[in-house]
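Visitor: Here is what each chain is made of, one letter per residue.
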Amino acid sequence: MLILLQQLINGLTTGTLFALIAIGYTMVYGIIELINFAHGDLFMLGAFLALTIVTRLGLEDAGVAGAAGGIVLTFLCSMGFCAGLNFLQDRIVYRPLRNAPKLTPLVSAIGVSFVFMGLGQIWKGVADINFPDVIPNQNLLGTDALRFTAKDLLVILVTTPLMAGLTLFVRYTKMGKAMRATAQNPTAARLMGIDVDRVIGWTFAIGGLLAGAASVIYGLTINTVSFQMGYQNGLYAFTAAVLGGIGNLPGAMLGGMVIGLVRSLGSQYVGEQWTSALVFGILILLLVFRPSGLLGARTREKV
Amino acid sequence: MNRSILRFAAAFVLVLASFGVAAEQEGGVIKIVSSLPRTGSARGQTDTIVNGIQMAIEESGNKVGAFTIKYEDLDDATAAEGQWTAEKETANADQAIKDPDVMVYIGTYNSGAAKVSMPKLNQAGLLMVSPANTWPGLTKPGKGDPGEPEKYRPSGKINYVRCVPADDIQGVVSADWAKKLGLLKVFILDDREVYGKGIADLFQARAEEIGLKVLGHEGIDAKAQEFKPLMTKIKATGPQLIYFGGTTQTKAGQLVKDMLGVGLDAKFMCPDGCFEDAFIDSAGAENLQDRALVTFGGLPPEKLTGKGAAFVANYQKKYGKFPEGYAVYGYECGKTAIEAIRRAGKKDRDAVRAAGLTIKNFDGALGRWSFDKNGDTTLRTMSGNTVKAGKFAFMAVLGED
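If you're matching them up, the sequences are chains R and D in order. Our numbering puts the first residue of the first sequence at 1, with every later residue one more than the last. Our numbering puts the first residue of the second sequence at 1, with every later residue one more than the last.
Where hints are given, some of them may not hold.
[To be verified] Within a straight-line C-alpha distance of at most 30 Å, the following computed DSS-like cross-link-like pairs (lysine-lysine) qualify:
| hint | chain 1 | residue 1 | chain 2 | residue 2 |
| --- | --- | --- | --- | --- |
| 1 | D | K180 | D | K143 |
| 2 | D | K223 | D | K267 |
| 3 | R | K124 | D | K140 |
| 4 | D | K140 | D | K197 |
| 5 | D | K267 | D | K391 |
| 6 | D | K388 | D | K373 |
| 7 | D | K267 | D | K317 |
| 8 | D | K143 | D | K223 |
| 9 | D | K213 | D | K31 |
| 10 | R | K124 | D | K223 |
| 11 | D | K267 | D | K388 |
| 12 | R | K124 | D | K388 |
| 13 | D | K317 | R | K124 |
| 14 | R | K124 | D | K318 |
| 15 | R | K124 | D | K321 |
| 16 | D | K388 | D | K317 |
| 17 | D | K213 | D | K180 |
[Stated by the list, open to error] In silico contact screen, one side only, chain D against chain R (beta carbon under 8 Å); selected entries:
| hint | residue |
| --- | --- |
| 18 | G216 |
| 19 | G238 |
| 20 | G284 |
| 21 | G399 |
[As the list claims (entries may be wrong)] Restraint-style ranges between C-beta atoms, simulated for each label pair:
| hint | chain 1 | residue 1 | chain 2 | residue 2 | range |
| --- | --- | --- | --- | --- | --- |
| 22 | R | T55 | D | K179 | 39 to 47 Å |
| 23 | D | G390 | R | A150 | 24 to 32 Å |
| 24 | R | L76 | D | N314 | 32 to 40 Å |
| 25 | R | L285 | D | D290 | 30 to 38 Å |
| 26 | D | G390 | R | N185 | 52 to 60 Å |
Read the hints as simulated data drawn from the structure, not as lab findings. For each residue, glycine too, the CB sits at the ideal point set by N, CA and C.
Modelling step: build the complete structure from the supplied sequences, incorporating the hints.
Guide: Below is the structure:
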């Protein structure tokens with residue numbers, strides 16, 4: 001029983017990470033129907049920046065207050081960096097291709113993905129790098145039978161407000177409304193006086209912001225970064241987005257959690273080597289019976 | 001019509017033959033190629049192997065008899081995969097086979113890659129010298145899977161030799177070492193590759209034989225990013241030791257972190273695929289301190305004597321760095337390649353191949369060794385190492401008692 005609970009904690013913490021990245025895929029898809037393959041690699045670059053900052057500041061040996069301040073700073077820098085980079089990516093690469101056939105931006109996205117990966121490789125080399133253990137691995141519960149560590153807490157403390165904030169933003173702000181309008185019909189939105197390019201730019205920036213946050217959490221909790229992490233996590237996050245119904249925000253969050261849980265419970269009860277097969281097996285089954293994903297058909301709002 | 005083709009073919013053969021004769025008379029170029037993962041995290045290790053090969057060739061003055069020796073460094077990995085791929089390894093083997101100057105193929109680093117290129121090179125009669133493959137089935141009848149090693153030898157002749165002792169030795173001494181250290185309850189993991197699963201199975205067989213308690217054996221997905229669920233499950237079984245059959249590239253470092261992450265305080269033993277600085281970098285030095293137990297086929301560089309010690313000194317002088325564990329095997333393979341060409345005395349693949357297999361009592365950097373009838377080295381010395389203050393620290397010589 002305790003094991004089950006432990007695996008639920010394990011699954012949900014990794015699941016929320018996938019969810020944060022998945023949101024970036026799903027938002028962009030919702031608005032311009034582009035699968036932005038470079039998103040995972042953007043996440044990787046964010047993690048590299050976080051690594052640089054954490055090492056430079058020497059957070060590993062800083063006191064509690066210093067570490068906390070440093071972590072906040074790292075979050076702000078990585079989030080800002082990823083948001084800016086994602087925005088620029090749209091501006092430079094995708095915007096000139098706005099009216100090109102669908103395949104053109106898609107192939108460009110793959111190209112950008114390679115460029116980012118190459119940059120990462122030049123920046124930090126090819127080997128897996130240890131990310132300093134800034135957050136203690138200390139169990140917050142009294143018993144050793146069940147562990148809920150400071151790292152798990154960090155994941156929840158950061159992801160919950162971000163996801164809640166995003167949901168509120170999309171639902172209640174003017175920009176959020178503009179995003180939903182653009183997602184439904186860009187031409188009509190333009191006719192209503194919405195600056196569609198600006199809305200798309202915002203979408204990329206917000207997606208990048210969340211990827212930046214996810215990258216810092218990833219570094220602090222998983223403690224290994226490498227230039228390939230974007231590809232692997234991007235694949236899972238993309239799967240999460242499709243599972244939840246691509247273009248659908250709550251769907252991406254749900255999809256991330258489902259994948260995290262399938263991985264942890266699958267490892268416990270089926271076997272570690274089957275976890276990936278399980279995840280993609282479930283995806284295939286779901287797409288056969290519910291092609292639009294878990295939440296895809298239920299809501300009309302795409303962003 | 002037929003006749004003219006025949007005539008043309010005859011002329012062509014004559015021209016080719018005259019080229020061949022001319023080449024043999026004037027010496028000419030002989031190429032040695034290596035195929036190693038030069039992209040991805042094995043890079044640190046393969047850099048030192050390549051340096052070792054280059055040193056061996058340079059020490060011969062880039063000459064054997066009248067032949068000029070050229071060396072070509074091929075990569076069997078891709079950036080996207082971060083480790084070797086079957087496509088690249090096949091392409092490298094094809095490239096070597098098609099180039100008539102290539103007489104020796106040094107490689108591979110991964111046993112899985114060797115499985116791909118061995119049959120091709122065997123048909124071409126090209127001598128293959130491996131600095132790092134340890135899967136027993138590549139050479140030893142009855143020690144690998146059914147059909148091994150015959151399926152790597154379609155021509156019926158042996159063309160593959162290795163300078164490194166195989167895992168049937170390493171797996172056994174690892175289990176013995178665990179028992180000696182009093183680590184009696186063990187959970188076994190492997191990366192589901194030829195090398196990793198192979199050595200983990202051998203470890204398990206020996207562990208059961210000598211009375212260690214094997215709590216479980218699972219394969220991991222080396223592409224996964226974290227293993228907390230797996231470690232949670234393992235923790236519940238209460239192991240004193242986790243044995244991982246795998247390499248740095250297949251997530252050894254992350255396994256250690258997640259083991260500690262779920263509060264599991266056990267030792268972590270892994271084979272020579274983790275005997276590289278990249279493992280310490282990826283796992284975090286403090287996580288490995290006195291916890292990691294790494295076996296290696298041969299002695300670590302600082303324990304080498306005689307020619308081996310001279311190699312380490314020259315290496316440091318030339319490259320300004322201390323060599324990694326496999327550098328000396330690169331060097332020894334380079335020496336083996338040159339010795340094979342010297343013994344053959346001519347630019348002929350089959351002669352070089354046959355000559356390579358006859359190397360006996362070779363006085364090299366690893367000591368005095370021979371190739372046995374399967375193409376395996378007669379060396380059996382293994383070492384056990386741990387990590388102290390971010391460096392590998394020698395603990396014990398294994399397998400000699």
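Visitor: Now, for every hint given, state plainly whether the structure supports it.
Guide: Against the structure, the hints:
no.: 1; hint: D/K180 - D/K143; result: 25 Å, holds
no.: 2; hint: D/K223 - D/K267; result: 23 Å, holds
no.: 3; hint: R/K124 - D/K140; result: 41 Å, violated
no.: 4; hint: D/K140 - D/K197; result: 17 Å, holds
no.: 5; hint: D/K267 - D/K391; result: 17 Å, holds
no.: 6; hint: D/K388 - D/K373; result: 40 Å, violated
no.: 7; hint: D/K267 - D/K317; result: 36 Å, violated
no.: 8; hint: D/K143 - D/K223; result: 29 Å, holds
no.: 9; hint: D/K213 - D/K31; result: 51 Å, violated
no.: 10; hint: R/K124 - D/K223; result: 20 Å, holds
no.: 11; hint: D/K267 - D/K388; result: 14 Å, holds
no.: 12; hint: R/K124 - D/K388; result: 25 Å, holds
no.: 13; hint: D/K317 - R/K124; result: 27 Å, holds
no.: 14; hint: R/K124 - D/K318; result: 26 Å, holds
no.: 15; hint: R/K124 - D/K321; result: 20 Å, holds
no.: 16; hint: D/K388 - D/K317; result: 25 Å, holds
no.: 17; hint: D/K213 - D/K180; result: 14 Å, holds
no.: 18; hint: G216; result: 10 Å, violated
no.: 19; hint: G238; result: 12 Å, violated
no.: 20; hint: G284; result: 4 Å, holds
no.: 21; hint: G399; result: 30 Å, violated
no.: 22; hint: R/T55 - D/K179: 39 to 47 Å; result: 41 Å, holds
no.: 23; hint: D/G390 - R/A150: 24 to 32 Å; result: 25 Å, holds
no.: 24; hint: R/L76 - D/N314: 32 to 40 Å; result: 51 Å, violated
no.: 25; hint: R/L285 - D/D290: 30 to 38 Å; result: 47 Å, violated
no.: 26; hint: D/G390 - R/N185: 52 to 60 Å; result: 59 Å, holds
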